[in-house]
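Visitor: These are the residues of each chain, in order.
2 protein chains.
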Amino acid sequence: MATLEDLGVSAFINIVGAFAFLILFAVLRIQPINDRVYFPKWYITGGRNSPRVRGRGVGKFVNLNLRTYFTFLNWMPGALRMSESEIIQHAGLDSAVYLRIYILGLKIFVPITVLVLLVLIPVNVSGGTLLNLKKKIMYSDIDKLSISNVNAGSQRFFIHLLMAYLFTLWTCYILYKEYDNVAFMRLHFLASQNRCVDQFTVVVRNVPHVSGHSISESVEQFFHRNHPDHYLGHQAVYNANKFAKLVRQKERLQNWLDYNQLKFERHPEKRPTTKRGFLGLCGERVDAINYYRERISELDEKIAYERQRILKDPKAIMPVAFVTFDSRWGAAVCAQTQQSKNPTKWLTDWAPEPRDVYWENLPIPFVSLSIRRLIISIAVFALVFFYMIPIAFVQSLANLEGLEKVAPFLRPVIEIKVIKSFLQGFLPGLALKVFLYILPTVLMIMSKVEGYLSLSSLERKAAAKYYYFMLVNVFLGSIITGTAFEQLYSFIHQPPTQIPITIGVSIPMKATFFMTYIMVDGWAGIASEILRLKPLVIYHLKNMFIVKTERDREKAMDPGSIDLPENLPSLQLYFLLGLVYAVVTPVLLPFILVFFAFAFLVYRHQIINVYNQEYESAGAFWPHVHGRIIASLLIAQLLLLGLLSTKKAANSTPLLIILPILTIWFHKYCKSRFEPAFRKCPLEEAMEKDIMEKASEPNLNLKAYLADAYLHPIFHSFDEEEEKIEVRVDKGQSHIPSPTRSEISSESPPHYVYHYEFEP
Amino acid sequence: MATLEDLGVSAFINIVGAFAFLILFAVLRIQPINDRVYFPKWYITGGRNSPRVRGRGVGKFVNLNLRTYFTFLNWMPGALRMSESEIIQHAGLDSAVYLRIYILGLKIFVPITVLVLLVLIPVNVSGGTLLNLKKKIMYSDIDKLSISNVNAGSQRFFIHLLMAYLFTLWTCYILYKEYDNVAFMRLHFLASQNRCVDQFTVVVRNVPHVSGHSISESVEQFFHRNHPDHYLGHQAVYNANKFAKLVRQKERLQNWLDYNQLKFERHPEKRPTTKRGFLGLCGERVDAINYYRERISELDEKIAYERQRILKDPKAIMPVAFVTFDSRWGAAVCAQTQQSKNPTKWLTDWAPEPRDVYWENLPIPFVSLSIRRLIISIAVFALVFFYMIPIAFVQSLANLEGLEKVAPFLRPVIEIKVIKSFLQGFLPGLALKVFLYILPTVLMIMSKVEGYLSLSSLERKAAAKYYYFMLVNVFLGSIITGTAFEQLYSFIHQPPTQIPITIGVSIPMKATFFMTYIMVDGWAGIASEILRLKPLVIYHLKNMFIVKTERDREKAMDPGSIDLPENLPSLQLYFLLGLVYAVVTPVLLPFILVFFAFAFLVYRHQIINVYNQEYESAGAFWPHVHGRIIASLLIAQLLLLGLLSTKKAANSTPLLIILPILTIWFHKYCKSRFEPAFRKCPLEEAMEKDIMEKASEPNLNLKAYLADAYLHPIFHSFDEEEEKIEVRVDKGQSHIPSPTRSEISSESPPHYVYHYEFEP
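As given, the protein sequences belong to chains C and P, one line each in that order. Add 63 to the 1-based position in the first sequence for the numbering used here, that's all there is to it. Add 63 to the 1-based position in the second sequence for the numbering used here, that's all there is to it.
I should point out that these hints are in silico values taken from the structure, not numbers from a laboratory. These numbers were taken from a predicted model, which means no experiment stands behind them. Beta carbons are placed, not taken as given, at the ideal position from N, Cα and C, and that holds for glycine. Hints may be right or wrong, so weigh each one.
Said to hold, decoys possible - The calculated DSS-like cross-link candidates involving lysine-lysine, where the alpha carbons are at most 25 angstroms apart (straight line), are:
hint, chain 1, residue 1, chain 2, residue 2
1, P, K752, C, K404
2, C, K743, C, K404
3, P, K734, C, K511
To be verified - Coverage of chain P stretches by chain C, computed from C-beta distances (three or more under 8 angstroms per stretch; other residues unrestricted):
hint, segment
4, 288-294
5, 403-409
6, 733-742
Produce the entire structure from the sequences given, and follow the hints as far as they go.
Guide: Shown next as structure tokens:
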């Protein structure tokens, strides 16, 4: 086990690493050539069109103003300058609520840290077991500050007990306040939102097939009958897989055409050519521009035909529809009630906003959905608990002998000693690395198979799966494997129910490991997040090789959303560590505090300058965050119970059992108190907005506004302008654009863009 | 352990007992004097006003027609003569669905029994372990037919495994069909029901106090605003405790007055007198009729005053209201949606039908409700697991020495040897008997404290608690205490996770115990149910001493509802026994079959002739029945897993683990497929009925119909006729009576009453 000196060395290395990342970031950030990597959000919102620091010649790519190099930490105050309401306007509520998780961490752990430093550490140090005894197991210096240092059977454990109570109460109090706050923010956000199509829309699934009626007719009839006063219309969902393929094909060709035209513009002396055959590598050589034009017009015909086919063929309509209502009240009623006598038909739910819809999952029938959930939950269980088995299998295949057998020509290379030892050390780890790298993708695919309707819920479900994985394999895995080496003997001779006690006992011994983990993953890891090394490299590579047109450049620049499926679980792991170690090894807490504060700054900066949320779920992930912190509290309490029961502080056990019961009750109470705000829309709210809108815009043509909001995105993807107008003219209605939220946010608030212009 | 002979003796005794009860029943039933005990339902529905077999003189009380004595079993075909739809009309859907539980038992266990008799028992008998080995533990002959008779490690266990699969599949199939059927019956019943006030009414709880507004104003305003198109009115709930007390007082006096007036009519020569003082025992002697008249008129004034006070005082209005809508659609929408931004305010739910409301629980606020649930769940846990502790304590106090100390004057009596030994054997048992006797009442009080709104849900919750008690103390308790005597040594040396295995192993040894249990509780117990010995005695006692007026006689005759909180759990215990022993000791199954068939007949007879349901929940308890049978399946599977793992049939374990997973999935599927039919009202249904009603009765005055449907029952309880008319005249609306379901059922279908007249 690590001593204080080892820990100091580790801390030094990680702090130096983090600073190196920060300095590198400071240098790279102000180079005009990297501007699109470090400030893409401003390009997307329209706040910027080109790098601000502009020079000539080399200055176009490299920043020659030396003064800017010395202020390399000034992004930190910059990140704090924007207020929360500005962040909500700039990046959406999801981002603002995400940042509140870090604030929540600070709010919970700052007072706890103060308390443990003042009370618990002195109690532990003066406990003095380890000063007197030499045990079989080596203890580190850190243990002098932990609960291990207190004599078994000591009355001091009542102080630990009291602390456990105080920490639980404090955590619950802060959680309650924060849940209240986030629920209020969400309701306020939804209330102050401009008119959105999703407020008026309900998605209905499992529309039954009635012979002699098309799906559209059934939907029309059903809602006309059962919601006569509020039903407005519906939007069918088409099975457009083939169409999507054609559109993708056309886009690719269009790109090539653009590229060749640009090339021709730059070098008008030479018309570009290409070959007709496979991938342009073989076949007759032809004029490229003409060739692509030809092929595009061919495709256009096909697409138009396919489009007509889909729109006319009743079989292309899936048994799903987006049903729109003439008021928010009508939509709220339809989304929350059961429609049909058969509860598996006509399932209604809130429509996600159009950007958020995961179209592929819409037509899954009820029975299939239920079977998919079963299969995926078994698969997740297997993945979490047995993931080492296939990896060990791959590792056993991927050793050197196996490699030599498969590829004998590599033998001379492999037999070189340096390479051999490198490979032998490297190959077994590679399988694990590859697995861990693709794990989030695998989990996301699993969530997709489960059949959730919106991207936001897919991300939340993937995050939940990742959390289980982290909990079992990072948290419990580190503790049990560690003890398996140290206490193997006592371990295999205990019955299975003793495991919680064993874990509880070995918790204090693992404190230094987790401290190092926090420094590597939390400190240096977060510093590398701000550096964005991978996107930087990829962007420049793409810029060099792939980017042909302005559209390509925008694609290469796209920063994507915050990676919630990965970030939420790792954040929740820090809460778990903090709560588990708060009573046991309090010196771990300052490490966590540093993480929360630093990560808060970094992510605030990233949200302002980099990430661009694809959709807005209005903080829908908060109940999950809350629930997992409660779970962490429960785990911490059970492990403390296990630990204390071995410390002969047995009379404290009944006192500790009360804690989990109260915590579970608190969770249930919070669930019924706040969760409906995240799942349902209160009628009071809907009615309020309806009345306000009627007063302010009495002549609003809602039908036109909602007309094709939920058209499959591929129908929008090209010829957008003409098509839309055409559709509207067809319906003989006035032209009112139907903006999605992204358009709103990009149009509306320009004031802070300027006031933020000074920053870097 | 019992041998086959012991079992035969026990069976003989119980069968004789059951027959004795049946013959006694046959004799007592046809005595005119008992007619009101054995056929009260016909008196209540108005099918009978006096005993049918009427003689003169002694014949008024005793049946002298000898011929009727010989047909003592003819109630059985009589019980089967009524069809299910007639039962629904006669006794309500609850009763019909209750009977279906027995049918379900027969449907599940008849094919299983046939299969085990043909396949499993031959396999077990030819297994032959116990024929060869003498074990430490004594085995009974029954064990030759059970799984214990198969050699450890035998391949024959795969037959048991296959059977476990077949039984699970068959049970699930039948459960699915039955759930489907009951859900259909419920929907059909609700759809074909006449107009009921509860279809238009929603109960809203936690109405917030707004300063300057009364509760009524708040409700009016809120629903006018948020349900403008459908809101009709609301009925406030008054805090009428004092009023109820006065009314009860008046009723008592009224009864005395009636009694004295009757007495005076019979003996006109002597005016009855009474004393003014305490309980009529002391004080001045006065004329009774005048005295009671005087006191009643005094009370009338008080009541009128109190009534005015309650109706005027805004503080007497509780923060609860029954809100009525102009259509079923409006009520369905309001009941299923969230009203307010704060999910703990304006909680709406379906109103139970007026007879079913438990008024005392209406005004409990949300936080208090949540705390009550926590406390009660802890209390139930303690009651289930530690109920022996207080009983042992009471027993230790209630021994003879303690008794002698408390009451020294009893010493000479106690010291008599016969009495002493009787008391020593009797007293310790008494505490337990008393506890078990009051247990259902205690559980019902607990459910009331939990704050459920309707009598039907109170009964369901009490039944759930009783089921946990039975499961732990009757099922597991019998098995573990049994083995504690037999296998104490091996027991205390096993870690706690071994307990399921230990239980699984001792399950076959307990088969004879449960067979005896089934015969005592299931056969003889059910026969005593039909005899109604307790109500018979109580009725005659009351008739002799208390009954003064016709109203008293009706009260004494009242049979009440089927005792669901006690009957459902014991029924579910039989399902558990059947499923657990189906694979392990198949000879138990015929005993269970006899129980189901016999109990079905008896309860069918009782429902037709005796019980009178207080309310109608339209089979709302079915999801609980279904859920508990699924739980029984899971328990059976786990115990089989434990049993087989000790039989060195270890390679079967993975195959068995699939079963519980599939069962849980099946349960989840059924839950989402059918449960909404029991919890929610589909809009399609509501709209259909609305449209039909509008077509058939276009001029219906709903407001008048709903006017005082949910008036607190005590306001109805006297002066009913004048008051009601008065209220209606006040509102200046046409007189439309608002019948509750009981009135409907008593008025409408007289045809089968006649056709059933021939029966006994």
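Visitor: Taking each numbered hint in turn, which are not upheld by the structure, reported in ascending numerical order?
Guide: Failing hints: none at all.
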